[in-house]
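Participant: Read off the chains here:
Protein chains: 2
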Amino acid sequence: MIGSVDTIPSSTIASEPVTLALDIEGGDQGPAEVLAGAIAAASPRLRVLAVGTSQVVEPLLAEAGSAATRFIELLPCASVVTFHDEPARAIRNRPDSSIAVGARAVVEGRAQGFVSAGNTGAMLAAGLLVVRRLKGVKRPAIVTVLPGSGGPVVLADSGANADCRPEHLAEFAVMGAVFARVGLDIDRPRVGLLNIGEEPGKGSELARGAHSLLAQGTQALDFDFVGNVEGRDVLSNRCDVIVTDGFTGNVALKLLEGTAHTLFSRIKQAAASNARSKLGGLLLRPALRGLRSALDPEEYGGAYLLGVRGLLVICHGNSSRRAIANALRFGENAVRHGLVSQLQADIEQSLATGPDVATMS
Amino acid sequence: MIGSVDTIPSSTIASEPVTLALDIEGGDQGPAEVLAGAIAAASPRLRVLAVGTSQVVEPLLAEAGSAATRFIELLPCASVVTFHDEPARAIRNRPDSSIAVGARAVVEGRAQGFVSAGNTGAMLAAGLLVVRRLKGVKRPAIVTVLPGSGGPVVLADSGANADCRPEHLAEFAVMGAVFARVGLDIDRPRVGLLNIGEEPGKGSELARGAHSLLAQGTQALDFDFVGNVEGRDVLSNRCDVIVTDGFTGNVALKLLEGTAHTLFSRIKQAAASNARSKLGGLLLRPALRGLRSALDPEEYGGAYLLGVRGLLVICHGNSSRRAIANALRFGENAVRHGLVSQLQADIEQSLATGPDVATMS
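Read top to bottom, the protein sequences are chains A and B. Note that numbering that gives the first Met the number 0 has the first sequence beginning at 0, numbered continuously upward. Note that numbering that gives the first Met the number 0 has the second sequence beginning at 0, numbered continuously upward.
Be careful, since some hints might not be right.
Repeated chains share a single entry, so a pair holds when one copy, or any two copies, can fit it.
To be verified - Computed list of lysine-lysine pairs in DSS-like fashion (alpha-carbon distance at most 27 Å, straight line):
1) Lys201 x Lys137
2) Lys201 x Lys277
3) Lys277 x Lys267
No lab work stands behind these hints: they were computed from the structure.
When you get a sec, could you build the whole thing from the sequences and use the hints?
Facilitator: Quick look at the structure:
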């Protein structure tokens with residue numbers, strides 16, 4: 000599993016240091032917080048290229064001191080892509096902006112991956128315009144890992160493609176399955192289609208079309224299509240990979256975050272309601288803390304943009320130093336796994352033999 | 000608020016008994032469980048027409064005894080619509096089937112509403128084909144009430160329309176707002192559009208189109224359009240009514256159920272992990288029980304099909320006697336509020352002055 004060094008087959012662990020670019024000025028919590036994440040994660044085996052403007056990043060590096068930052072190197076950019084920028088335009092017109100510079104570091108081989116908590120749309124645009132799509136991939140997808148009751152669940156697409164056609168969903172199934180195999184060590188992932196009923200004829204035109212594509216074409220692929228799954232199955236581990244369009248996937252992802260947040264604050268309130276509950280809450284707190292962290296999206300460090308020729312990790316805009324450090328460590332493990340090259344090989348093969356994706360457009 | 004008798008303005012409480020039809024043979028838990036719900040709710044002020052086949056319902060009524068069933072009367076049907084039936088065909092071809100008979104009781108004035116935990120699609124078809132749409136309504140919608148942190152939140156559409164156009168979402172906004180006003184006593188409901196970003200230009204083609212319709216046309220209406228809301232806002236009471244297509248709405252609704260279920264089972268597990276946690280769990284249990292019931296969809300008794308000429312309440316297939324009883328009580332209150340007639344009046348007025356809904360098709 001990515002993030003759990005024990006389970007990485009030793010054959011895939013390269014012994015050389017991994018270098019990742021990190022967007023220091025992306026994210027809501029400011030550059031000092033992002034840099035703190037880099038300092039926590041950087042090591043002789045994980046070097047960080049700190050992408051940012053000299054005037055912001057140099058003083059921060061100086062303040063942290065040379066001991067803390069000895070595995071971190073400034074990669075200067077001229078400007079920062081903000082949440083107000085129109086993503087594609089920012090990437091096209093400002094090649095010296097933070098996200099364009101970070102993505103180019105991957106293309107040029109100076110870094111093996113790029114991590115940013117900045118503008119998600121700009122990361123997507125950088126993936127399409129700078130890193131570029133893998134051969135045969137029509138629609139790169141954002142893949143996140145959800146905390147299912149019985150283990151991690153892969154969600155594809157989590158927000159890259161708001162409008163999709165059935166063949167795009169079939170492509171997400173292929174990419175999600177490869178991610179589950181390579182990243183989560185699941186031999187033959189079970190792939191489900193998120194829908195509003197279990198029967199094949201249920202749902203929107205899009206879901207019905209995707210169902211019939213996936214039902215006819217997965218024999219030759221290394222995953223099993225288990226059919227439609229519903230919202231209540233998302234965390235139940237009925238399948239390892241949940242496929243949906245980026246609109247539904249993004250709503251679902253944020254709803255999960257919001258629901259977990261709401262429930263935990265209400266548990267806190269309930270535990271403060273009287274003396275008996277207060278004592279109970281105090282005694283239960285350590286066990287609930289474990290649960291809360293198991294459900295925390297920061298545990299998984301970020302989302303992966305799959306289907307492009309490099310490793311792009313998109314962190315939540317509100318990422319803390321802990322989330323940034325996790326994303327860097329997960330990125331390092333993904334590089335050591337050879338995630339992108341395996342994805343490339345498997346996706347190309349899957350697309351060639353898969354659910355008629357290659358012949359549609 | 001529907002379901003809370005205290006808050007009903009006395010002027011809207013009619014003193015006559017209310018009669019509701021109830022589909023005894025709909026639902027996963029079997030007719031005895033549904034009838035138990037009817038027995039719990041029926042009273043001199045709430046009479047129940049028990050729709051079912053004589054051979055199933057008569058013995059159950061006899062077994063329960065005449066005292067328990069004195070406010071319940073059999074309304075016989077010849078067959079039952081099951082979850083395997085194609086909904087529209089079942090309603091069209093089998094006028095003596097349970098859901099068709101219940102819906103016809105509403106049209107004929109024998110009942111003031113119809114409650115069923117059976118096939119949702121068949122209830123929708125009965126709404127369209129038997130009860131028929133309100134004047135000016137293109138797409139009746141299923142409206143549910145979600146347990147927001149600060150009070151109830153209306154979700155429209157929760158699953159009636161898997162494929163929508165922008166003007167349908169504008170219509171759901173109008174209907175959801177009327178429901179919030181009449182049913183939840185919210186004077187001027189705040190309506191949000193479920194989307195994957197807050198800015199107006201974000202989201203799918205459908206969401207962008209609905210945003211521009213709603214942004215231009217709500218001045219004359221009795222609600223405020225607050226713009227886009229995201230998945231994490233669903234339970235945060237940023238708005239009183241959340242508008243979305245029936246596909247996204249249904250996924251969201253079931254995801255909420257699934258997440259709450261998963262979290263509570265994991266809290267249970269955490270509370271069983273060691274002696275300290277066990278004691279904590281024991282002490283906290285009464286407070287958490289209150290929270291659990293506040294989050295329980297059964298509290299709200301069901302979903303309302305809005306936009307048709309009668310009150311149709313759709314219960315969860317897995318409804319217990321408690322859920323059935325709540326749905327009947329909520330239905331009674333809706334009748335006493337004159338929900339449908341107020342909806343009819345308000346929807347017609349809203350559609351005439353609203354966000355260009357009437358001129359589109």
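Participant: If a hint holds in the structure, say so; if it doesn't, say that too.
Facilitator: These are the hints, each one checked on the structure:
1. Lys201 x Lys137: Result: close both inside a copy and across copies, 26 Å intra and 21 Å inter.
2. Lys201 x Lys277: neither (47 Å within a copy, 44 Å between copies)
3. Lys277 x Lys267: both (9 Å within a copy, 17 Å between copies)
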